[in-house]
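**Student:** As a plain string of letters, each chain reads:
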Amino acid sequence: MTNSISKKRGLGFYLHIYRMIVIQDIKSKMSYRSDFIISTVGMIATNVTGFISFWILFRNFPSISGWGYYEMLFLYGFSLISLTPVQCLFDNNWSLRQNVFSGDFIKYYFRPINIFFYYQSEIFDVKGLGQLAFGIGTLVYAWAKLGIPVTVLAVVELVVFLITASLIMIALQNAAAATCFWINNSFYVLDLAYKFRDYAKYPITIFGPVFKFVFTFLIPIAFIAYYPSLVILRPDEIPVLTWLSPVIGLIFFGLSYKFWMLGVRKYNGTGS
Amino acid sequence: MKVKKYITLLKAGVIESVQFRLSLFIMIVGNMLYLILIYYLWNAIYASAGTDKVNNMTFSDTLIYLVLATAIFNFMEMYAVWEIGRDIQSGKMALNLIKPMEYRSYLFWSYTGGLVTNFVATFLPTFIVIRIVTKDTIPLGLNLLYFLVSVLMAVEINYSIDFMVGTICLFTESIWGINIMKQVVVLLLSGATIPIAFFPETLKTVVYLLPFQAIYNTPLTILLGKESFENVVMMLGVQLFWCLFLGIASRVFWNISVKQITVNGG
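Going line by line, the protein sequences match chains A and B.
One rule links them: number in the numbering used here = place in the first sequence (from 1) + 20.
One rule links them: number in the numbering used here = place in the second sequence (from 1) + 2.
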């Protein structure tokens, strides 16, 4: 239903709508200023503790499977940046369960616009920007310490890979959130998917062959940071999977979108 | 004091938690994946270190410590801060306050059912598996008894901290930020992320003066059974102190704060 209409509209139209919806959201957030400040501090505290854990770990051990302190920091920074879009733009997935359960979700069917787009654009999570800043800081610091030359090509590659890598976590979260159309207590599924964020910051080589396969092809968290960052960290031995990672990001995002929309079509409301 | 009302809440909690079998299953799957991560990560770390012992901890010691820390976290985490926050935002708090039972005890006992189920469903299996995997590194003796006593106190300490943090929500009406801050601070300073034995000396001194290490580090160190009897008694003593101190402090803080609360509808 929504698809036939949306095909006639261009990207500009959607950007315009998005801007209008997000401005409303930010206005309403600003009326809870203390919550906003505390949440941002909380977000930064999370990242700082992650940083401290690394620091403590590397005080005891010089390297992990041939990955040094600054290389690990680079991975960490990379993962923080590529996890920002899911935090900022797709945070409404967390409320999907309540909306579906209470029946409020039915209202989105009456919007003359792509339902997935409209639902996700309702919330813009500002505190994710704190994470972005911290991630960029970590990445730049690690890059400088590693002494890797900064070229235009490297920066372009980095940006492209960051954007496509971010699609992986978005896809995982979309799929996890959409399970609420079928099962009742889907919070645990979403929470499980959220925990995968923590796995992204480690080089996939530490896992045995079985889990290397699982985390590459089934639950593709290795594409959140490991494979794409090899472009910068190990430019001499870039595996094919690194070059494929943008494609994999797009495929998984597409699949998760289809799954989300399948749930939308299946939903009957609660009758109230 | 009538014990019956507490037992009733406990029973209701057990029945409620076994109702959600699917979520229990997903929790167990998530837990297993996390344990796999810990296993491979520390395996790689120890392989790169070149020595068997780092800071007097072998690979199996570290593995047991971290795996059981996760298991304790899973059965002990009550998300009380969320519950208190939700009660405040929805206005349900007004109804809870007029119940013929102190809110702090009501909330605690309504959680205990879940605690019991989770202990049996997640902690015990993890314990048995890790004991088999690490080939009997954990002694089976009096240390188990001390461990149980220690875990009970850890539950109370953890709950008191949760309750105090939840009380802060009365003033801020912010739940997510407060909760996430509490969680990361507790997990790091309690040794649940990295064993405290690996901390640098100055940080270690500070951490031992704080109550958080009494939640994970104390029961786990006792369970590993390497400490002398005097040390165990001292550790339990410190735990008891935090138990009483935080128990009283959280009550006092709540009683003062609740007088200032404004409840939205309900």
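Treat the hints with care, as some may be off.
[Unchecked claim] Some chain B residues flagged as far from chain A (calculated, every beta-carbon gap over 12 Å):
1) L99
2) I140
3) L189
[Unchecked claim] Calculated lysine-lysine pairs in the DSBU-like style (CA-CA distance at most 30 Å, straight line):
4) A:K127 <-> A:K49
5) B:K55 <-> B:K206
6) B:K261 <-> A:K49
7) B:K55 <-> A:K47
8) A:K215 <-> B:K184
Read the hints as simulated data drawn from the structure, not as lab findings.
The structure presented is a predicted model; accordingly, all values stated were derived computationally and were not measured.
Just so you know, even glycine gets a beta-carbon here, dropped at the ideal spot from N, CA and C.
**Student:** So B:L99 supposedly isn't at the interface. Is its beta-carbon more than 12 Å from every beta-carbon in chain A?
**Tutor:** B:L99 clear of chain A: closest Cβ-Cβ about 23 Å, beyond 12 Å.
**Student:** For B:L189, is the shortest CB-to-CB distance to chain A above 12 Å, so the non-interface label stands?
**Tutor:** 8 Å, violated
**Student:** Holds or violated: are the alpha carbons of B:K55 and A:K47 at most 30 Å from each other?
**Tutor:** Roughly 56 Å separates the two Cα atoms, so the pair is violated.
**Student:** For a C-alpha distance cap of 30 Å, please report whether A:K215 and B:K184 respect it.
**Tutor:** Measuring from Cα to Cα gives roughly 17 Å; hence the hint holds.
**Student:** Taking only the CA atoms, is the gap from B:K55 to B:K206 under or equal to 30 Å?
**Tutor:** 19 Å, holds
**Student:** Hint check: A:K127 vs A:K49, CA-CA at most 30 Å. Holds or violated?
**Tutor:** Roughly 22 Å between the alpha carbons, so the hint for A:K127 and A:K49 holds.
**Student:** Is B:K261 close enough to A:K49, meaning Cα to Cα at most 30 Å?
**Tutor:** 28 Å, holds
**Student:** Beyond 12 Å from every Cβ of chain A: is that where the Cβ of B:I140 lies?
**Tutor:** 23 Å, holds
The structure fails hints 3, 7 (numbered hints given earlier, in ascending order).
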